[in-house]
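**Q** Those protein sequences? They're chains A and B, same order as listed.
Take any residue in the first sequence, count from 1 to its spot, add 91: that is its number in this note's numbering.
Take any residue in the second sequence, count from 1 to its spot, add 91: that is its number in this note's numbering.
FYI, nobody ran anything at the bench for these hints, they're computed from the structure.
Fair warning: there could be bad hints in the mix.
A pair holds if it fits inside one copy or across any two, identical chains being indistinguishable in the list.
[To be verified] Calculated pairs, DMTMM-like style, for lysine to aspartate or glutamate (alpha carbon to alpha carbon, straight line, at most 20 Å):
1. K182 <-> E344
2. K169 <-> E573
3. K169 <-> D564
4. K169 <-> D107
2 protein chains.
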Amino acid sequence: MGIDTHQELVVYMRDDCHLCRSEGFVASNRLNVSCGGRSIIAVLNVVYGGHIPHGHVGLSISALERLRVRPGTLLTIKHAPPIRSLASVRKKVFGHTLNGREIEAIINDVTAHRYSDIEIAAFLSVCAGGRLSLTEITDLTRAMVTSGERLDWGDGRRIYDKHCIGGLPGNRTTPLVVAICSAGGLVMPKTSSRAITSPAGTADTMDALTHVDLGVADIRRVVEEAGACLAWGGSMNLSPADDLLIRIERALELDGEGQLIASVLSKKIAAGSTHVLIDIPVGPTAKVRSQPEAERLQSLLVEVGAACGLSVRCVITDGQGPVGRGIGPVEEARDVLAVLQRADGAPADLRDRALELASHLFDMADGQGLEAGRERARLILEDGRAWAQFQRIVAAQGGLKTLPRALYTHEELAPRDGTVGAIDNRRLAKLAKLAGAPASKAAGLRLCVGLGDQVTAGQPLFQLFSESAGERDYALEYYTSEQPIFSLVSER
Amino acid sequence: MGIDTHQELVVYMRDDCHLCRSEGFVASNRLNVSCGGRSIIAVLNVVYGGHIPHGHVGLSISALERLRVRPGTLLTIKHAPPIRSLASVRKKVFGHTLNGREIEAIINDVTAHRYSDIEIAAFLSVCAGGRLSLTEITDLTRAMVTSGERLDWGDGRRIYDKHCIGGLPGNRTTPLVVAICSAGGLVMPKTSSRAITSPAGTADTMDALTHVDLGVADIRRVVEEAGACLAWGGSMNLSPADDLLIRIERALELDGEGQLIASVLSKKIAAGSTHVLIDIPVGPTAKVRSQPEAERLQSLLVEVGAACGLSVRCVITDGQGPVGRGIGPVEEARDVLAVLQRADGAPADLRDRALELASHLFDMADGQGLEAGRERARLILEDGRAWAQFQRIVAAQGGLKTLPRALYTHEELAPRDGTVGAIDNRRLAKLAKLAGAPASKAAGLRLCVGLGDQVTAGQPLFQLFSESAGERDYALEYYTSEQPIFSLVSER
Chain A
92 MGIDTHQELV
102 VYMRDDCHLC
112 RSEGFVASNR
122 LNVSCGGRSI
132 IAVLNVVYGG
142 HIPHGHVGLS
152 ISALERLRVR
162 PGTLLTIKHA
172 PPIRSLASVR
182 KKVFGHTLNG
192 REIEAIINDV
202 TAHRYSDIEI
212 AAFLSVCAGG
222 RLSLTEITDL
232 TRAMVTSGER
242 LDWGDGRRIY
252 DKHCIGGLPG
262 NRTTPLVVAI
272 CSAGGLVMPK
282 TSSRAITSPA
292 GTADTMDALT
302 HVDLGVADIR
312 RVVEEAGACL
322 AWGGSMNLSP
332 ADDLLIRIER
342 ALELDGEGQL
352 IASVLSKKIA
362 AGSTHVLIDI
372 PVGPTAKVRS
382 QPEAERLQSL
392 LVEVGAACGL
402 SVRCVITDGQ
412 GPVGRGIGPV
422 EEARDVLAVL
432 QRADGAPADL
442 RDRALELASH
452 LFDMADGQGL
462 EAGRERARLI
472 LEDGRAWAQF
482 QRIVAAQGGL
492 KTLPRALYTH
502 EELAPRDGTV
512 GAIDNRRLAK
522 LAKLAGAPAS
532 KAAGLRLCVG
542 LGDQVTAGQP
552 LFQLFSESAG
562 ERDYALEYYT
572 SEQPIFSLVS
582 ER
Chain B
92 MGIDTHQELV
102 VYMRDDCHLC
112 RSEGFVASNR
122 LNVSCGGRSI
132 IAVLNVVYGG
142 HIPHGHVGLS
152 ISALERLRVR
162 PGTLLTIKHA
172 PPIRSLASVR
182 KKVFGHTLNG
192 REIEAIINDV
202 TAHRYSDIEI
212 AAFLSVCAGG
222 RLSLTEITDL
232 TRAMVTSGER
242 LDWGDGRRIY
252 DKHCIGGLPG
262 NRTTPLVVAI
272 CSAGGLVMPK
282 TSSRAITSPA
292 GTADTMDALT
302 HVDLGVADIR
312 RVVEEAGACL
322 AWGGSMNLSP
332 ADDLLIRIER
342 ALELDGEGQL
352 IASVLSKKIA
362 AGSTHVLIDI
372 PVGPTAKVRS
382 QPEAERLQSL
392 LVEVGAACGL
402 SVRCVITDGQ
412 GPVGRGIGPV
422 EEARDVLAVL
432 QRADGAPADL
442 RDRALELASH
452 LFDMADGQGL
462 EAGRERARLI
472 LEDGRAWAQF
482 QRIVAAQGGL
492 KTLPRALYTH
502 EELAPRDGTV
512 GAIDNRRLAK
522 LAKLAGAPAS
532 KAAGLRLCVG
542 LGDQVTAGQP
552 LFQLFSESAG
562 ERDYALEYYT
572 SEQPIFSLVS
582 ER
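Model the full assembly from the supplied sequences, consistent with the hints where possible.
**A** Listed below in structure tokens is the structure:
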């Protein structure tokens, strides 16, 4: 049918299909569709009006891909068998605690695409709101790890990783931290995700700079050559259940704490990490909004990590505003290069955050304390070793790409004098996305002011980049029609 | 598109549609689709391969119906505005209690089709498991009443109704109770539903006997003429939110107690009832499985009813096995007629249940006690007044139809001697549904034995009726391949 249902598997059948009639299939039934040894469970949509030929059924893009069939293939269709693990979801609905076996069965069925979207929604809803115990979160994390591939870097080898809970546009510290720490000898086979709701993920930014779609063999070779990589994790089937759950979680705007922890830690464990540093920015428009919330998250991350054999350290950081000057894949890549190359005007806030995170990783590695770690990180960056190391990684991944320029640039000017009192992270991210990021790599923003800056009327606040006039206009309409993203405070 | 998505509103757009690109629409986005003053919120499915002409979009059947547009109409499409009441759903996810205003806003948005299926699933999941307080259930009931039409039968007039929580195949007491009680002077404008998961609802059985698709004006006329009606409630927009919630609740097999109570009571209040008798059958394969569960449900039904100004009485009845001999619309209609006409072989269990329920309604009406009520009901049935009254109702609804015979009949024989020790209600219902009920009116079963009967090998257990050989074979395959529906206990 060529229909993208956003991963929900759908089978389309004629209303007068004899199979629908004799088997009693009606719209929204769950059907088992099989071909050879492969089978999927799909939701039925009934099609009236003869759009599908007699004796044929249609499949959504996701169903076609998962079943790996071509048009004209003979399919067998019957009622889906009952999914036993749904009894455990109902058990959780009714307030009971699940054991490891029950959680594993749920995650296995989710991974095998046996759950419909509403079933996943029910599971996520009753697990959110602090309804998962520490043991349940640990079991969920383990089940998500075993749902997919797991990288093994050799017995006793320490593998370092970093993660940011997110919510700050432009906060692209990962390439810097990986370059600094791997220059200092830490092994960091870093796999990152593309943007889900933000204008760029680390994989999007790195994709602007080099090749990131590496298989497991390539990743091993790059890490062998350079001691680190900066790759996209999406093609490696690490914690695949996570991707399926996140899709519904985002749609529901549900950030269940247990789910978040299992999601972050399962990806790290599956990637073979042993030591992970997690950055938790806190601010009114960041993902985590208060210090107590950050502390609770920190303690759960550390405890669940420990239960899974993963050493976790969290750093709670200032999440009041964006970090660096660029927002969007290419603009963030410019900031990363500027810091590594110690260019004039390289964003100091981005550099300082990267150094702070690197110092924590060094301290986790050698236990020499944060002061020593800070000094070591600063030296590695300042004497050019980090930049050389970054070039080594990029060379092993296929070489440095030239950063493109966007077709359309708009400069937005301050309407009056004032001090930048606050910047809304969420709306700023939305603005960059409306301009076309991350689908258009060069689209996004370059901030000309930061928190606390004095501005005078007519001074540029930011530049907006886009690849089409339509996206530029749409973004600017959003900027002017919504509440101000930059709060200018007048002093008198 | 002619696609039946089971009421989820879907808009289909080309992948290369300029609107998708410039507005950043991606699959599963919620879009506002409007035309003139009417608008819907639909889920986007992106269609690849040019099945939709340029400049066009497709709509699911439900979206087309709700928007009331014809092919070729100009539509305006934009991102859906955020649904504010979803914040209350998230509040409930996080374990907080909702107030009346919040619940009303949720129900209003559900009724206006502003919730996606996964959002409804999230709401239902966090309301199930006893997570709704008595006040919340009452607020939910009230909100569901105000979501739709409300019938008014005049100030101070007592309007009687009955309801069965369900789960027993063949338990078609409603037409009998309405005939007996309205013959005794009680006003009973009875509206019923069609089957949702059973082989027949009261509306399906009555549909085999007369016309049930009456509008409000017709119902008023019939009640004026006969003091009662036996109509289908589906076309009257009573508690429409209930229908939208039930659809997802069934798919999730979630029977949230609060939701059940609000569902039952909101329909009765919206229909203008003042006094309702509720039959709660209890048995191992009935909907309610234990006496304590039935008592808890009873107390909540009575309390929520009282808070909404509705007088509710519950009767907890034996739900161990099927009632009557026929299962399926036509076969149940035969039982109803046999009881009313005092035919030889009319099922005594069905008659006795109807008399018992009628006696409770008489007692609710005149307070003369159950003994007096029983005597009154028995007399009305025995002297033919109930049959005359039933004919009066049916005549006012358009006259009695002739009951059809099914094309295929199969007689299943007892494999050995024994006593019928148990009958599985759920599997029996499934068997009748596989035979084609309720879509094929004449399809279903006629039981030849009941609980406790002695049977000898070769004696018929039941007759199975179907309109196609395929459905007959499919039903019989289910019967033989599953655990026995009739447990034959050998005595020695």
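**Q** Each hint needs a verdict: does it hold in this structure or not?
**A** Hints, one by one, checked against the model:
1. In this assembly of identical chains, K182 and E344 lie within 20 Å of each other by CA distance solely across copies; the values are 12 Å between and 24 Å within a copy.
2. Taking the shortest alpha-carbon separations for K169 and E573, only the inter-copy value of 16 Å comes in at or below 20 Å, while the best intra-copy value is 51 Å.
3. Taking the shortest alpha-carbon separations for K169 and D564, only the inter-copy value of 15 Å comes in at or below 20 Å, while the best intra-copy value is 50 Å.
4. When the C-alpha separation of K169 and D107 is checked against a cutoff of 20 Å, the pair qualifies only within one copy, where the shortest distance is 16 Å, while the shortest distance between copies is 35 Å.
Taken one by one, the earlier hints all hold for this structure without exception.
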